[in-house]
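Novice: Fit chain B to the given chain A structure using the hints.
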Amino acid sequence: MNDRFAIGGKLSKPREHAQLLVVGAGAAGVAAAIEGAQAGLSVVLVDENPVSAGLMGLDVPLFYGQRMTAAVQEEGRMVERIVASSPALEAAYDAGVDVRLGVTVWGAFVNGPAVRALPGRVAGLADADTSWLCGFDALILATGARDLVLGFAGVDTPGVMGVRALDALLSRYDAFSGRRIVFLGSGNLAAAAALRAIGRGIEVAALVEVLPEPQAAPALIDALAAHGVRVLTSHVILRAEAAGGDVAAAIVAPIQDTGAAERLACDTICLAIGVSPAIELADVAGCKLVARGAEGGAVARAVGVAGTSIPGVFMAGDCAGVIDPAADISVAEASGRGAARAAIAWLAGESLDETPAAAGAAAGDAYVYRMAWMRALVESGGMSAPVCLCEEVSRADLLGVQPPRYLGCDSRQMAARSAETLLQDGPLNPDQIKRLTRAGMGPCQGRRCRDQVALLLAMASNGSPQDVPLASHRAPVRPLPLRVLAADDESVEMRDLWDVWFGIPTQWIPYDDIGTEREAEILSAHGGGNMHL
Amino acid sequence: MSARGSSVVVVGGGVTGLSSAWWLARAGHDVTVIDKFVVGWEASGRNGGGATHYQSPLFHEEQRLWPMMDELLGYPTEYRRERIIINLTEEQQARYRRMAAVTRAQGYQSSELGAKELRELVPIASEQAIGAQYFHFGGHANPQRTVQAYAWAVQDLGGRIVQHAPVTGFATQGGAVREVHTARGSFGCDAVVIAAGPQTGALVAQLGVDLPLAPARAEMIVTEPVPLMKIGGVDGNGLYGRQTLRGNLAYGGGPHEWLDESGTAQMARPATPLLRNLAARLAEMFPKAAQARVIRSWAGIVENTPDGRPVIDRLSDPGNVVVATMSGVGFGLSPASGHAISDLVIDGRCSFTDISKLGLARFAGLPRDWRAGCGWVAMAEAA
Chain A
1 MNDRFAIGGK LSKPREHAQL LVVGAGAAGV AAAIEGAQAG LSVVLVDENP VSAGLMGLDV
61 PLFYGQRMTA AVQEEGRMVE RIVASSPALE AAYDAGVDVR LGVTVWGAFV NGPAVRALPG
121 RVAGLADADT SWLCGFDALI LATGARDLVL GFAGVDTPGV MGVRALDALL SRYDAFSGRR
181 IVFLGSGNLA AAAALRAIGR GIEVAALVEV LPEPQAAPAL IDALAAHGVR VLTSHVILRA
241 EAAGGDVAAA IVAPIQDTGA AERLACDTIC LAIGVSPAIE LADVAGCKLV ARGAEGGAVA
301 RAVGVAGTSI PGVFMAGDCA GVIDPAADIS VAEASGRGAA RAAIAWLAGE SLDETPAAAG
361 AAAGDAYVYR MAWMRALVES GGMSAPVCLC EEVSRADLLG VQPPRYLGCD SRQMAARSAE
421 TLLQDGPLNP DQIKRLTRAG MGPCQGRRCR DQVALLLAMA SNGSPQDVPL ASHRAPVRPL
481 PLRVLAADDE SVEMRDLWDV WFGIPTQWIP YDDIGTEREA EILSAHGGGN MHL
Chain B
1 MSARGSSVVV VGGGVTGLSS AWWLARAGHD VTVIDKFVVG WEASGRNGGG ATHYQSPLFH
61 EEQRLWPMMD ELLGYPTEYR RERIIINLTE EQQARYRRMA AVTRAQGYQS SELGAKELRE
121 LVPIASEQAI GAQYFHFGGH ANPQRTVQAY AWAVQDLGGR IVQHAPVTGF ATQGGAVREV
181 HTARGSFGCD AVVIAAGPQT GALVAQLGVD LPLAPARAEM IVTEPVPLMK IGGVDGNGLY
241 GRQTLRGNLA YGGGPHEWLD ESGTAQMARP ATPLLRNLAA RLAEMFPKAA QARVIRSWAG
301 IVENTPDGRP VIDRLSDPGN VVVATMSGVG FGLSPASGHA ISDLVIDGRC SFTDISKLGL
361 ARFAGLPRDW RAGCGWVAMA EAA
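Read top to bottom, the protein sequences are chains A and B.
Going by our numbering, the first sequence opens with residue 1, and the numbers climb by one from there.
Going by our numbering, the second sequence opens with residue 1, and the numbers climb by one from there.
It is worth saying that the hints were derived from the structure and are not from the lab.
Bear in mind that the values here come from a model prediction, so they are computed numbers and not experimental data.
Treat the hints with care, since some could be wrong.
Stated by the list, open to error - Calculated from the model, a selection of chain B residues having no Cβ within reach of chain A, i.e. all distances over 12 Å:
1) Ser-186
2) Asp-190
3) Leu-315
4) Gly-319
Said to hold, decoys possible - Derived lysine to aspartate or glutamate pairs resembling EDC-like cross-links, with alpha carbons at most 20 Å apart:
5) Lys-357/B with Glu-519/A
6) Lys-36/B with Asp-425/A
7) Lys-13/A with Asp-137/A
8) Lys-357/B with Asp-512/A
9) Lys-288/B with Glu-117/B
10) Lys-13/A with Glu-381/B
11) Lys-357/B with Asp-513/A
12) Lys-36/B with Asp-431/A
13) Lys-288/B with Asp-129/A
14) Lys-288/B with Asp-488/A
15) Lys-357/B with Glu-521/A
16) Lys-357/B with Glu-517/A
All residues carry an ideal CB built from backbone N, CA and C; glycine is no exception.
Next comes chain A alone, as it looks inside the complex:
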């Protein structure tokens, strides 16, 4: 007998198929796609950029901080800018790669122990109007890195933004509305971005560093000094000063003497303390993730290889482990080509899995550096600073594991609970804290707070952020309207054999009728399905 209401055979079939699907058309992704196409594979290369102005406003996928000009609303111009700023894309077109810009990959799905119903290996794709599935044999994720956001008073003021968002607006789209920037952080990430900004005629007010020494390579620090840019070491930001709803200054102070604050006039405060590998799709697909401080956070591959725990799924570029931001673009390209070669070999049934990993990896342990920042921000800024911007959760709310204010909870027992009491039951888990406080539950999908939540939980449990369980990523990994996600290719079986719950006829028989004639009557008359919970 068959269960008519089970999922087998019902999911929509893929609308298209690629032997090699590459997600992300940065340097690594484009190089991977070209390598694949040159080996004779059918390659689809997908990139979500240009994302809509609306998503940018939600800080998806980067922390744009409302610093985009009106130019981001002209979609045609944005596409032109992407093509113009990435010369390799033309080579990809020439190599026969099927390039899709403005297409989001919102999920990657592979059959495994807990799912066998998929119509093969599929990725969920969407443009502005509709969604569909793309089958693939091999998948290379080259989704880059996302901005690390750490909170301070006024972090939610327009003008506070992330370094990758700054790069995108400045270099790719030529749509950055700021004129004078204060950078938080002094590593290669911050220094290289500051130099790029200066190169485009933007003023850099200063770099702020909590550690006693500038962190970037001496050559970069010297170059900044040559432009008269100071690195304020052993300093921390106290708050973003706002005027007219926008950033007007960064108020910074020596860590040892926060009373001696200094006002740095600026219209933009750029968080350049770190970036994290964008591993959302790898997590959704079920790849095993490992926290590695030397590679900028959790990554989905083993050391020295492009492959993941899922055969045929590979990682390239920053999402495989953040590459030194000061490194030449050739490092990312080599990572992409390495992943492609591994994919090509895997498709041919051979095992080749090596990639010039870590060649340009950022020096040092990202977690140690981030913890130093987090501690300084907490010590100087206290517990009222925001953590989750979508759901307005402060550090105090988070570590107090308190429910959102709109619940109006006045329970004495609730007030007595905290991360400290929760810790007595076992290690703190960000997903559990999310459920209680709503931190990470908003439309930005935790992009702006998940790193900070992990740091705060590590502090609260006297541990390392590396040991804090990774908060989960769920499909769709980008917020997509119901109307766009809605399946317009539903199978007849899905439509006709859809039940609210399991469609078990006996489940909804009223208790008193069980075992009576009435039960048999109900079963024969109505079949029992499609009732409610």
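Specialist: Below, chain B without anything else, positioned relative to chain A:
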């Protein structure tokens, strides 16, 4: 014999086990809840939050208790009374009229809304809707908050919550379980409750008891917040779910996938592109919210008995064990199921209603391959 122990050990920190522990603790018993990971991590914290189970013998107790739960537990559950089920078709209307009739016969009031009245209460409802059933009872709560509320309330009454401690076995002596062995050591006990969701079958099998259960995966989606409606418990069109008090639309429904042991053993709970089909039905029911962005989907694993009804029973041998599975419909009923289970532990019988038809004996003589018989088997390993 372990130095640690309590009068009752509850195996399984889902809503059913936690509620049982809470009732036992309220009755003055020393109780320890043991969970393989974190409380409420599985289906108990991943469901639609509905609390309108007219088919259950625990229905009256469910309805009586929910309005008091915040106060009784001391923590917020986000419970809100009332429920609207939208009818887009005459077929749906006929089904939910029957539900109204069944509940009316049990003394619960409902009314039928016309298309216009429906849109006054539910402004985002489809123009195509022909009406709705408006139940002046039932309701919904926040599963994640509720699960933690039970756990904390147990602790406040002196009970213990032991997490990250998968149960590995039992020590029995003289027809009773004396110790529960876990990855974090053994716990002595006078009585045991086993309410471990999909794991319940394998656990009671260690006591020589057959409990037929089939695990399956079910999926839900959630949108960003939309303006709050007067009644959050609105669903229909093949979906169950609610608008959260924050405004998110959280809905599930549709086909499930039967799993075998390898599918339930791992911690990952993958969702599938079914979220597109859920999105389509939600946009169809609420066209004025079709621009709302979906921000998450998730899956939970629930277990079903062959007739889809709960098992709440005290075993005869070992005689100090109460076994409970709610067959996939456990969250809303949890205030009442815990009461019933605690009664079985203390007195051997449920004090407030007859639950004799939920006994294990009804499955005696079930063929070993019953899952194949009803087609509730895991799909073949895909290539």
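Novice: All hints, please: hold or fail.
Specialist: Do the hints match the structure? See the list:
1. Listed as outside the interface, Ser-186/B is consistent with that label: its C-beta sits roughly 18 Å from the nearest C-beta of chain A, beyond the 12 Å cut-off.
2. With a minimum CB-CB distance of about 24 Å to chain A, Asp-190/B clears the 12 Å threshold, and the non-interface call stands.
3. At roughly 22 Å from the closest C-beta of chain A, the C-beta of Leu-315/B stays outside 12 Å, upholding its exclusion from the interface.
4. With a closest Cβ-Cβ approach of about 26 Å to chain A, Gly-319/B is found to remain outside the 12 Å limit, as its non-interface label requires.
5. The suggested pairing of Lys-357/B with Glu-519/A holds, with an alpha-carbon distance near 13 Å, which does not exceed 20 Å.
6. At roughly 12 Å between alpha-carbon atoms, Lys-36/B and Asp-425/A fall within 20 Å of each other, so this suggested pair holds.
7. Using a Cα cut-off of 20 Å, the hinted pair Lys-13/A and Asp-137/A holds, with the two alpha carbons roughly 15 Å apart.
8. Of the supplied pair hints, the one linking Lys-357/B and Asp-512/A holds, its CA atoms being roughly 9 Å apart against a limit of 20 Å.
9. The straight-line distance between the Cα atoms of Lys-288/B and Glu-117/B is roughly 17 Å, inside the 20 Å bound, and the hint therefore holds.
10. Note on Lys-13/A and Glu-381/B: the hinted pairing holds, with a Cα-Cα distance of about 18 Å set against a maximum of 20 Å.
11. Only pairs whose Cα atoms come within 20 Å are accepted, and Lys-357/B paired with Asp-513/A is accepted, the gap being roughly 11 Å.
12. Proximity of Lys-36/B to Asp-431/A is assessed by CA-CA distance (about 16 Å); at most 20 Å being required, the pair is judged to hold.
13. Proximity of Lys-288/B to Asp-129/A is assessed by CA-CA distance (about 16 Å); at most 20 Å being required, the pair is judged to hold.
14. Under the criterion of a C-alpha separation no larger than 20 Å, the hint pairing Lys-288/B with Asp-488/A is consistent with the structure, at around 18 Å.
15. Between Lys-357/B and Glu-521/A the CA atoms are separated by roughly 19 Å; this keeps the pair inside 20 Å, and the hint holds.
16. Among the hinted pairs, Lys-357/B with Glu-517/A is consistent with the structure: their alpha-carbon atoms are about 15 Å apart, no more than 20 Å.
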